[in-house]
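Colleague: Chain residues, written in single-letter form:
2 protein chains.
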Amino acid sequence: MRHLLLIMILSFALSGTGIATVSDSLKYVNATEFPLIGKGFADTQNRYERLPVRLKGKTRPAVWSLSKNCAGLAIRFRTNSPVIGAKWELTGNVTMSHFAPTGVKGLDLYCLKNGKWQFVNVARPSGKTNKTVIINHMEGTDMEYMLYLPLYDGLVNLEIGVDSTATIGNPQVDSPRKDKPVVFYGTSTTQGGCASRAGMSYPNLLSRMLDRQIINLGFSGNGQLDLEVAEVMAEIDASCFVIDCISNVTEEQMNEKYIRFLEIIREKRPDVPVLLVENNHFPHMYFDQTIFALVQQKNETLKRIYAEQKKKGDSNIYYLKSDKLIGNDFEPTVDGAHLTDLGFLRMAENMYPVIRKLINSTLTD
Amino acid sequence: MRHLLLIMILSFALSGTGIATVSDSLKYVNATEFPLIGKGFADTQNRYERLPVRLKGKTRPAVWSLSKNCAGLAIRFRTNSPVIGAKWELTGNVTMSHFAPTGVKGLDLYCLKNGKWQFVNVARPSGKTNKTVIINHMEGTDMEYMLYLPLYDGLVNLEIGVDSTATIGNPQVDSPRKDKPVVFYGTSTTQGGCASRAGMSYPNLLSRMLDRQIINLGFSGNGQLDLEVAEVMAEIDASCFVIDCISNVTEEQMNEKYIRFLEIIREKRPDVPVLLVENNHFPHMYFDQTIFALVQQKNETLKRIYAEQKKKGDSNIYYLKSDKLIGNDFEPTVDGAHLTDLGFLRMAENMYPVIRKLINSTLTD
Numbered sequence: 001m002r003h004l005l006l007i008m009i010l011s012f013a014l015s016g017t018g019i020a021t022v023s024d025s026l027k028y029v030n031a032t033e034f035p036l037i038g039k040g041f042a043d044t045q046n047r048y049e050r051l052p053v054r055l056k057g058k059t060r061p062a063v064w065s066l067s068k069n070c071a072g073l074a075i076r077f078r079t080n081s082p083v084i085g086a087k088w089e090l091t092g093n094v095t096m097s098h099f100a101p102t103g104v105k106g107l108d109l110y111c112l113k114n115g116k117w118q119f120v121n122v123a124r125p126s127g128k129t130n131k132t133v134i135i136n137h138m139e140g141t142d143m144e145y146m147l148y149l150p151l152y153d154g155l156v157n158l159e160i161g162v163d164s165t166a167t168i169g170n171p172q173v174d175s176p177r178k179d180k181p182v183v184f185y186g187t188s189t190t191q192g193g194c195a196s197r198a199g200m201s202y203p204n205l206l207s208r209m210l211d212r213q214i215i216n217l218g219f220s221g222n223g224q225l226d227l228e229v230a231e232v233m234a235e236i237d238a239s240c241f242v243i244d245c246i247s248n249v250t251e252e253q254m255n256e257k258y259i260r261f262l263e264i265i266r267e268k269r270p271d272v273p274v275l276l277v278e279n280n281h282f283p284h285m286y287f288d289q290t291i292f293a294l295v296q297q298k299n300e301t302l303k304r305i306y307a308e309q310k311k312k313g314d315s316n317i318y319y320l321k322s323d324k325l326i327g328n329d330f331e332p333t334v335d336g337a338h339l340t341d342l343g344f345l346r347m348a349e350n351m352y353p354v355i356r357k358l359i360n361s362t363l364t365d
Numbered sequence: 366m367r368h369l370l371l372i373m374i375l376s377f378a379l380s381g382t383g384i385a386t387v388s389d390s391l392k393y394v395n396a397t398e399f400p401l402i403g404k405g406f407a408d409t410q411n412r413y414e415r416l417p418v419r420l421k422g423k424t425r426p427a428v429w430s431l432s433k434n435c436a437g438l439a440i441r442f443r444t445n446s447p448v449i450g451a452k453w454e455l456t457g458n459v460t461m462s463h464f465a466p467t468g469v470k471g472l473d474l475y476c477l478k479n480g481k482w483q484f485v486n487v488a489r490p491s492g493k494t495n496k497t498v499i500i501n502h503m504e505g506t507d508m509e510y511m512l513y514l515p516l517y518d519g520l521v522n523l524e525i526g527v528d529s530t531a532t533i534g535n536p537q538v539d540s541p542r543k544d545k546p547v548v549f550y551g552t553s554t555t556q557g558g559c560a561s562r563a564g565m566s567y568p569n570l571l572s573r574m575l576d577r578q579i580i581n582l583g584f585s586g587n588g589q590l591d592l593e594v595a596e597v598m599a600e601i602d603a604s605c606f607v608i609d610c611i612s613n614v615t616e617e618q619m620n621e622k623y624i625r626f627l628e629i630i631r632e633k634r635p636d637v638p639v640l641l642v643e644n645n646h647f648p649h650m651y652f653d654q655t656i657f658a659l660v661q662q663k664n665e666t667l668k669r670i671y672a673e674q675k676k677k678g679d680s681n682i683y684y685l686k687s688d689k690l691i692g693n694d695f696e697p698t699v700d701g702a703h704l705t706d707l708g709f710l711r712m713a714e715n716m717y718p719v720i721r722k723l724i725n726s727t728l729t730d
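Residue numbers (our numbering), protein chains in the order written: chain W, 1 to 365; chain B, 366 to 730.
Just chain W, with the same shape it has in the complex:
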């Protein structure tokens, strides 16, 4: 009976992903042939990484390791294929108890339709190496695609599969626009935990809403204001820096490093808007009094740091309160702290007007 259940569940898990014979018949093209967007640094050790090789051995091992997760990266291409598939090999084949494997290590395909990025389908992971059909039975007209890479795992290799008679090539539309990206620095939430698929992390949602590339420097549990990360961040010709890291630091760490972190950015980017984001009002803090006190305290500290930096003459620093960022029904997390797609969409929708305004102020400079 248990055997039968597993078969049924396997069939549920596989429904819609297409059959093996279809993915076998495709023509595969290495994704190195197409532009990789959302990358902050050209000089990474391997293509699908997020920090420059200069930081190897210089930043904490945890940060370095997490920089190999592909959060925020995406492949852009164009094809007239009626079917699209993918082969990919993961570095870690990571598993987590509160996070769907599709979000951790799957791929997420969007298509530019009527000028907007529209969800097509997800590529479900099955192990360290993966091969699957993402979508089938399409019209077969030439369209622009964006394939988001794994949020919480790294890539050894990625190939995109199309019908053997189809054409596949470089995008012809600059979307999300490449100029002056928005840089996000932060935590597991910034990195995208626990979105059901990569396109639903709040930075990726904002990228589509703003039609602008984002650079994701979210490091799960390790958005701890590492100064060498600020140094490389400051190299990026950004339209806006969003710093959303305080759930990963203690009050002591904030007092010790936050101002210095900002100063390092200001040395190279004196006029770029910097948005400081409060700790989300974690739903479980309305029961756990220790967490409640911690969140309140850290948000008060952030308010003080913001005032201090402003007083020093920084006129391009901004503050985002978190009290309404993820709604007020206590439902948008999986575990009190980590957002689901519901929480991510709310967060992106609430941040969108704020960031759009900041970006526009930069563009009119």
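To be clear, the hints were calculated from the coordinates, so they are not data collected in a lab. Note that CB positions come from ideal geometry on N, CA and C, so glycine has one too. One should not assume that every hint holds.
[Said to hold, decoys possible] Distance windows between CB atoms, simulated:
1) A307/W with D389/B: 40 to 46 angstroms
2) E673/B with V22/W: 55 to 61 angstroms
3) K392/B with Y28/W: 54 to 60 angstroms
4) Y393/B with R304/W: 40 to 46 angstroms
5) N715/B with G127/W: 33 to 39 angstroms
6) G127/W with D389/B: 32 to 38 angstroms
7) Q654/B with D211/W: 23 to 29 angstroms
[What the hints assert, rightly or not] Quick partial rundown of chain B residues pointing at chain W, CB under 7 angstroms, derived from the structure:
8) P466
9) T467
10) Q483
11) M503
12) D507
13) D700
14) D706
Given chain W's structure and the hints, the job is docking chain B onto it.
Modeller: The following block gives chain B in isolation, referenced to the frame of chain W:
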């Protein structure tokens, strides 16, 4: 480096669940001492199952197997403990690529606060047998709790852990109300795939919104209008029957069995409202033309069946169009078909006024 990454990810995965020593210090009480809600039948083979033992060997093995998943079941209790934990043993320890383990086989705790059920935290699964702290550092006042059971796995055993000096006992408030439940018959979506945690499946959301028990007869991939299931459904003194199964059946199966399925319910429950729900507009059907045609076709067939049943004199049958059920941004699924928490909340919010009206009409009979 990979080893380090795993440690970091483990720490991310465990953050907030409390440390082992806390869960070890708790006093555990078997959940058999507390009421189990959401159960349609008293005569099940084991406590945490959804179909009566009479159907064993009579219904298809797939349906029988899935009836051992605990979707829609919840334990009600009351405690003044400042900490709550759980020990549970699963029947299958099921894993799926598009579904967070917390939703598949975790537990989900809610508390009645100011007359409303509010999310407290989730119990994260770690294997076939599990032990974890769900919430800590609470005030320690006497409160009503509801613990949702796994959506896609079965339970061998469940114990609730509280502080050794705390009291734990039966609920004193009848919420969600026991009288005349709403019965849901359907698919993986009805069963709750792919919610991040059990409380976010649409029937469980509706149970809280309506303050009414629901009976979940969703059978992943197997909501195929099995007539013996209709027979036992009809035994339930329901306030409303919701039939949301057509993504699991072919047009042929609909033509062959849908009317008979309704007749069986009508033989025992001539006046109870029955709501027929269309197939959701799957976001990936706007790319996959085969799926688009299938969904359109089955919804047309359902419309015809509804008209036919109404024409026969059934004045308590209702029809729910799906075109706006899950919004129109194409984002609320993990894989085009299965809803995330975002999709489930939208579906519940859109169904709520419809079902509330149907229930009220029953109550004023």
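Colleague: Now look at each hint and say whether the structure bears it out.
Modeller: Each hint, compared with the structure:
1. In this structure the supplied range 40 to 46 angstroms holds for A307/W paired with D389/B, their Cβ-Cβ distance being about 45 angstroms.
2. Checked against the hint of 55 to 61 angstroms, the C-beta distance between E673/B and V22/W comes to roughly 38 angstroms, which is inconsistent with it.
3. At about 58 angstroms, the beta-carbon gap between K392/B and Y28/W stays in the expected band of 54 to 60 angstroms.
4. For the pair Y393/B and R304/W, the beta carbons lie near 44 angstroms from each other, so the given range of 40 to 46 angstroms is met.
5. Separation of N715/B from G127/W is about 38 angstroms and conforms to the stated range, judged on CB atoms against 33 to 39 angstroms.
6. In this structure the supplied range 32 to 38 angstroms holds for G127/W paired with D389/B, their Cβ-Cβ distance being about 35 angstroms.
7. Take Q654/B and D211/W: their Cβ atoms lie about 28 angstroms apart, and the range 23 to 29 angstroms holds.
8. Nearest Cβ of chain W to the Cβ of P466/B: about 5 angstroms, under the 7 angstroms cut. The hint holds.
9. Taken as an interface hint, T467/B checks out: its beta carbon lies about 5 angstroms from the nearest beta carbon of chain W, inside 7 angstroms.
10. Interface hint status for Q483/B: upheld, as the beta-carbon distance to the closest one in chain W is roughly 5 angstroms, under 7 angstroms.
11. This hint holds: M503/B has a C-beta 5 angstroms from the nearest C-beta of chain W, less than the 7 angstroms allowed.
12. The beta carbon of D507/B comes no nearer than 14 angstroms to any beta carbon in chain W, farther than 7 angstroms, and the hint placing it at the interface is violated.
13. With its C-beta approaching chain W no nearer than about 5 angstroms, D700/B sits inside the 7 angstroms limit, and its interface hint holds.
14. For the restraint placing D706/B at the interface with chain W, the shortest Cβ-Cβ distance is roughly 4 angstroms, inside the 7 angstroms limit, so the hint holds.
Consistency with the previously given hints fails for numbers 2, 12, ordered from lowest to highest.
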